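Number of protein chains: 2
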Amino acid sequence: MAAIDDVIQYVEENRAKFEDELFELLRFPSISSDPESSDEMSRCADWVKLNFEQIGLKAEILPTKGWPVVVAETEREEGRPTVLVYGHYDVQPVDPVDLWDSPPFEPRRANGNVYARGATDDKGQAFTHVKAAEAWMKASGGPPVNLVFLIEGEEEIGSPNLEDFIQENRSRFEADAVLVSDTSQFGPGQPALCYALRGITYMEFVVTGAKEDLHSGMFGGIAPNPAHVVSRVLADMKDANGTIQIPGFYDGVKPPEDWELAEYEKLPWNYEELAKQLGIAKLSGEQEFPVPVRKWCRPTLDINGVYGGFAGKGAKTVIPSKAGAKVSMRLVPGQDAVRIAEIFETFVRERIPDDYQVEITNFQNSPATVIPIEDPAMQAGKEAFAKGYGKEPLLTREGASIPVVAFFVDEMKMPTVLLGFGLPDDNLHAPNEKFLLEDFHRGIKTSAHFLDAFARIKR
Amino acid sequence: MAAIDDVIQYVEENRAKFEDELFELLRFPSISSDPESSDEMSRCADWVKLNFEQIGLKAEILPTKGWPVVVAETEREEGRPTVLVYGHYDVQPVDPVDLWDSPPFEPRRANGNVYARGATDDKGQAFTHVKAAEAWMKASGGPPVNLVFLIEGEEEIGSPNLEDFIQENRSRFEADAVLVSDTSQFGPGQPALCYALRGITYMEFVVTGAKEDLHSGMFGGIAPNPAHVVSRVLADMKDANGTIQIPGFYDGVKPPEDWELAEYEKLPWNYEELAKQLGIAKLSGEQEFPVPVRKWCRPTLDINGVYGGFAGKGAKTVIPSKAGAKVSMRLVPGQDAVRIAEIFETFVRERIPDDYQVEITNFQNSPATVIPIEDPAMQAGKEAFAKGYGKEPLLTREGASIPVVAFFVDEMKMPTVLLGFGLPDDNLHAPNEKFLLEDFHRGIKTSAHFLDAFARIKR
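First to last, the protein sequences are chains A and S.
Sequential numbering from 0 applies to the first sequence in numbering that gives the first Met the number 0.
Sequential numbering from 0 applies to the second sequence in numbering that gives the first Met the number 0.
Please note: incorrect hints may appear among the correct ones.
Intra- or inter-copy, both count: the list cannot distinguish identical chains.
Unchecked claim - Distance condition first, Cα-Cα at most 20 Å in a straight line; then the derived EDC-like pairs of lysine to aspartate or glutamate:
(1) Lys-64 / Glu-358
(2) Lys-412 / Glu-391
(3) Lys-210 / Glu-162
(4) Lys-275 / Asp-354
(5) Lys-386 / Glu-373
(6) Lys-137 / Asp-19
Read the hints as simulated data drawn from the structure, not as lab findings.
Please read these numbers as outputs of a predicted model, since none were measured by experiment.
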């Protein structure tokens with residue numbers, strides 16, 4: 000009997016114990032955005048550290064400028080590949096708490112689910128990898144790879160200290176593959192392997208006319224009005240069909256390959272249903288492209304915010320001194336995020352009349368991330384899902400950027416595999432967050448299989 | 000010796016007494032926006048009523064749904080014209096109080112001014128008419144007209160109950176002319192007679208895409224973004240030269256007459272200085288028109304507010320569900336405010352793509368107000384300024400709308416004369432509000448002369 004079979008048997012035999020432990024973990028109100036959570040955050044980190052120690056890993060709690068990080072690892076063995084697991088023990092706030100059917104930190108079992116804040120995001124999902132490690136330790140003396148866990152406490156507040164922390168301890172986290180379970184399956188029982196994320200360039204521009212807000216009666220007709228300038232610049236950026244008008248914006252865009260288009264055809268998506276969920280008649284955007292291409296493979300430009308003057312209730316006759324807009328562009332392979340910021344800036348500056356001033360801020364430049372599906376980590380991910388879920392994963396991209404993944408891939412050059420065990424309707428960041436317990440167990444098995452497959456393929 | 004000479008002599012002889020009384024009036028912290036001012040508002044209204052009684056008028060305090068109104072009148076005599084004086088005893092708040100050089104409700108004399116909240120706006124200016132009435136009563140047995148005072152307590156909070164109050168007591172306030180001193184001179188010692196106000200149509204439109212805000216990574220490329228629609232509609236409304244693009248917008252616009260243009264040439268305005276004060280290189284707008292025409296005689300369209308999505312600090316990747324704009328148009332003689340609202344609405348609706356919804360609100364429709372300069376009230380105003388200030392007033396318009404004036408002129412059909420005694424730099428609504436005491440006395444004389452001239456011209 001192969002080692003993996005013993006491991007899977009251990010997983011099967013310990014379902015009840017694993018669930019009990021998950022419920023314990025979910026009882027900590029570890030809300031990272033609440034400064035009063037200090038004790039709960041510490042107690043939660045301690046519990047995670049102790050759980051690692053109980054299964055035989057070396058674990059420690061390391062401070063950051065914010066909430067601490069729990070790091071755990073198996074004994075390093077030369078010549079074996081290394082896998083880094085990233086997750087987070089902090090959770091979102093629970094407001095509005097009166098919309099919960101049961102208290103958010105008293106895990107409730109119903110319909111095969113556990114209901115609690117953090118059930119999927121990310122305690123439940125991150126814990127699958129801890130329990131897979133346990134199974135390897137207990138049933139086979141240890142996993143066939145060097146395994147490192149990095150469980151942070153600040154994901155829900157934007158991981159402000161994570162990159163610095165990793166940079167300062169860089170050698171400790173270098174790995175041949177990274178596992179992240181903080182996304183979801185394609186649909187119930189249908190796993191997906193995401194091999195690409197869009198990048199992002201995020202800009203803001205603020206136009207100033209007169210130095211103060213003016214009365215539109217006294218000064219209307221002679222005063223500059225920056226809200227009109229902002230509107231004209233924004234109107235010029237994208238035509239009514241959704242085509243972006245910034246010269247050079249589409250330069251270098253790599254269209255999806257034929258095999259990708261073929262994969263997307265297989266996606267069991269109901270676009271009419273999706274439009275209905277969004278409350279719109281039909282999905283918007285470049286109608287000449289299929290929906291998955293629009294969502295994942297085409298670059299976009301969206302106004303995320305526009306402001307100027309009076310936005311309260313009723314009427315106020317002001318000519319604003321300043322008006323501005325926040326605009327982000329989702330980028331695809333072939334686009335240079337920094338160059339996009341430059342041509343955006345040029346486009347805006349060219350449209351500001353002489354009698355106005357403009358200030359332009361560049362908040363973020365992240366290129367698109369692509370992990371070749373031939374990479375051993377991706378191959379192992381595919382096999383792991385096929386075995387853990389009994390179903391081949393769909394190959395998907397993601398339209399959003401995940402900063403920590405971009406950091407792992409672009410900065411650390413580590414292929415990152417997104418093993419999503421949650422469901423799209425798990426109420427993340429909302430009342431009645433849940434996690435299907437069957438997905439918890441399938442997740443543990445998938446993680447265990449990943450380590451087996453990756454050790455074999457990578458070696 | 001004519002009656003008016005005795006009256007003016009009385010005014011000269013009572014300068015010190017009038018100033019003492021003004022200072023008493025300025026000591027009441029009658030801030031109408033502060034619900035805790037209740038006692039002070041009552042005490043101030045009582046003081047005003049008592050002052051009217053001391054000079055021989057019948058006075059009473061009448062309740063409204065908000066702060067009370069002080070009404071006073073001379074004995075009605077058939078066959079004499081009636082003059083209504085409008086003013087207000089409430090004042091603006093005093094914040095930021097630490098920027099005042101002396102306590103706002105302890106009147107301080109310096110540089111020929113009195114410094115106090117309400118010094119010009121409107122206690123000081125309104126009180127000139129009370130003291131002119133006193134002079135007529137004491138020096139000549141009464142003014143040559145029926146005189147009615149309406150001194151309200153809610154001007155600084157938008158006069159929410161004034162129109163209803165007047166409507167309910169309409170016969171009491173019907174008059175052949177209305178005097179309002181709540182504006183300013185053209186410049187120091189240079190009075191101005193304002194004979195026209197622009198009207199206004201105020202609109203808001205809100206565009207909805209998806210039913211909730213969406214993540215721009217997950218949905219960028221397939222989700223509608225109403226901020227783009229709003230930007231395009233706004234961009235279409237006015238071209239870069241300031242010409243409004245709503246079809247029919249300029250229909251019926253009456254250009255200023257030659258005599259008006261000739262008057263405007265006389266205005267001692269320094270446009271470069273004005274631009275400098277506003278912090279801009281040059282005055283904006285339709286360069287083919289002179290500045291006074293742009294400010295007073297041309298209709299305008301200004302975005303007063305635009306909003307949608309995230310307007311806080313930093314970056315948030317949201318596709319807004321809703322975006323909107325508040326737009327007001329200043330109207331001139333010949334334009335129909337209601338029709339302007341209609342063509343605005345049509346213009347917006349035509350530009351909303353099928354997959355968006357729009358909601359349009361019409362907040363206000365007021366036509367432009369013009370008082371023919373041949374009207375006896377205007378002739379009397381001219382003569383009063385010439386005698387009270389020793390200087391012919393400039394003939395001006397005003398770019399803003401004054402709702403109470405529009406009500407008097409449009410609804411009550413009463414010619415309204417704006418006798419402004421303040422100065423443009425009197426710090427209205429700001430710290431260190433002031434009133435030149437010499438203007439207080441010239442104002443009293445001007446008011447006295449008005450009653451004399453109007454009785455003569457109107458009879």
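State whether the alpha carbon distance between Lys-275 and Asp-354 is at most 20 Å within one copy, between copies, both, or neither. between (46 Å within a copy, 12 Å between copies)
For Lys-64 vs Glu-358, is the C-alpha pair at or below 20 Å within one copy, between two copies, both, or neither? neither (31 Å within a copy, 47 Å between copies)
One pair to classify: Lys-137 and Asp-19, alpha carbons no more than 20 Å apart. Within, between, both, or neither? Classified as within; 18 Å inside a copy, 96 Å across copies.
Can you tell me if Lys-210 and Glu-162 fall within 20 Å by alpha carbon in one copy, between copies, both or neither? Classified as neither: same-chain Cα gap 40 Å, cross-chain 36 Å, threshold 20 Å.
Evaluate Lys-386 and Glu-373 at a C-alpha cut-off of 20 Å and name the case that applies: within, between, both or neither. within (18 Å within a copy, 96 Å between copies)
If the cutoff is 20 Å on CA atoms, where do Lys-412 and Glu-391 land: within, between, both or neither? Let me know, please. For Lys-412 and Glu-391, neither the intra-copy (27 Å) nor the inter-copy (82 Å) Cα distance is at most 20 Å.
Consistency note: the structure conflicts with the earlier hints numbered 1, 2, 3.
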